[in-house]
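2 protein chains.
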Amino acid sequence: MSEPAAEPAAEPGSGPGPGSEFDAETRLAGDGPPFTARITDRWSGLAGVNGGFMLALCTGALGQVLPFPDPVVVSAFFLRPGSPGIAQVTTEVVRVGKTTAFGQASLWRDGREVVRATAAFTDLSLAAERAAGRSPAYTGTAPPALPPADECLTAAPAPLAGVTLTDRLEYRPGVAPGWMTGQPSGDPTAEFWMRFRDGREPDLAALPLLVDAAAPVVLEVGAASTTIELTVHLRAHPAPGWLACRALTRHVAGGYHEEDFEIWDSAGTLVAQSRQLALVLT
Amino acid sequence: MSEPAAEPAAEPGSGPGPGSEFDAETRLAGDGPPFTARITDRWSGLAGVNGGFMLALCTGALGQVLPFPDPVVVSAFFLRPGSPGIAQVTTEVVRVGKTTAFGQASLWRDGREVVRATAAFTDLSLAAERAAGRSPAYTGTAPPALPPADECLTAAPAPLAGVTLTDRLEYRPGVAPGWMTGQPSGDPTAEFWMRFRDGREPDLAALPLLVDAAAPVVLEVGAASTTIELTVHLRAHPAPGWLACRALTRHVAGGYHEEDFEIWDSAGTLVAQSRQLALVLT
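Taken in order, these protein sequences are the chains called A and B. Per the numbering used here, numbering of the first sequence is gapless, rising by one per residue and ending at 282. Per the numbering used here, numbering of the second sequence is gapless, rising by one per residue and ending at 1282.
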């Protein structure tokens, strides 16, 4: 578990400073709970502050109050759009069992609840040790079949008003997204490599951000949307290196769609599996 | 806590009485919140009272306190095993927006929180009307390719100690599950028809139960498990008739597995899509 930070997070608009941008800007202040976060304008997508980034703040706060180190499943409801500025993160320890602990965290801006997240924490390494040799293993899908990252496209994303997340993260698709050139493919799927631009290696703390950090694949069918709920399963500690990502939407209907997202690490292990429900904007 | 029902639900072990068993036994008493439920031993799976049934109780309670009629996404964490008896259901209205309201409900037994559920409610029919003609529609998968229900197997499930859910629900698989005859297939997938035995038609209130009401498909790889978290997307009001169900698990690893579940109605519309994270029992 990380220890509470004495120093505040970076100022809005300031440079990353030494070390990881993500670590600096998700560091919670205060002896908490409640904790204080300073949300900058450096993690924004099309709809304001990225939901996955706010979920990472909530998950980080829960890591400080629960007795197990690793989130294994996190579910967040997005109640209002997020915005840069000082945020409070409140936590509740719901139940502590022998191998699993449950907690709830909320992120507040200006006294209004923006995100409510519930999570189960455990020790993933211990769980894997307990399971080894006693529990069956099964893998029904393979990692994305991408060329090596160096041979993939280095997407220079068209500057989109207010979108800064793409300055923090690097994306290397095998095939150029159609929507980006104004020609949606009609196929709401994508496979690409992803990593932090500043060289920070992936870990469990970053995965709630990363599953929500790519452009929604419904752009390929001409839809834009806003996330209502996002559930992330954290399946293993990621190995260092590029992450292979797969995003797909199977059902756009009745004004809603789901998006599934998988992240596989450089060793070919599935490390995160997420699904969100989003409201199509009309 | 509010008083138990003036008109109590069915006693454990009693017959269904007139009308739907599910409606009678999910009826909440009290002027609530909090509400009171009388959980019978008639909705139990291998691990005690079915999680989906308890989720249906929580979702029903939220329907009474939120200003929109339809759950669109519900996420539940299972903190402790459920057991038959008097339960309290507490609710919190988290946020009411113009088209979406958020709430949280907990189910308690003997003063201990057993299930915590968070949900977003809306008016699904209005949402579909708003989207019609303005939002793209896309379907990337098809309903299960099952023979008509009358031509499927009428599984007479082997009596499993304590399992009563199979007396309430009828399952008609296209192919007999391997695990049931002691020959797990190695393929953790299943497709089958499902309906209430007493003729009750499906609706949104029943879907949180139904997505969790079939045997876990990991039995086909020799694993048993207990659910930690279950998220259900409710995508449309189901048409009357048999429901076509598809369950699949893609990743059993590190002591955990996910299970995805789809329910398609008799008109071929996807009405529910769920995913759960479960801990493999070793």
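One or more of the hints may lead you astray.
[Claimed, not checked] Lysine to aspartate or glutamate pairs mimicking EDC-like chemistry, simulated, CA-CA at most 20 Å apart:
| no. | chain 1 | residue 1 | chain 2 | residue 2 |
| --- | --- | --- | --- | --- |
| 1 | A | K98 | B | D1070 |
| 2 | B | K1098 | B | D1070 |
| 3 | B | K1098 | A | E113 |
| 4 | B | K1098 | B | E1129 |
Simulated from the structure, these hints should not be mistaken for laboratory data.
* Which of the numbered hints above does this structure break? -> 1
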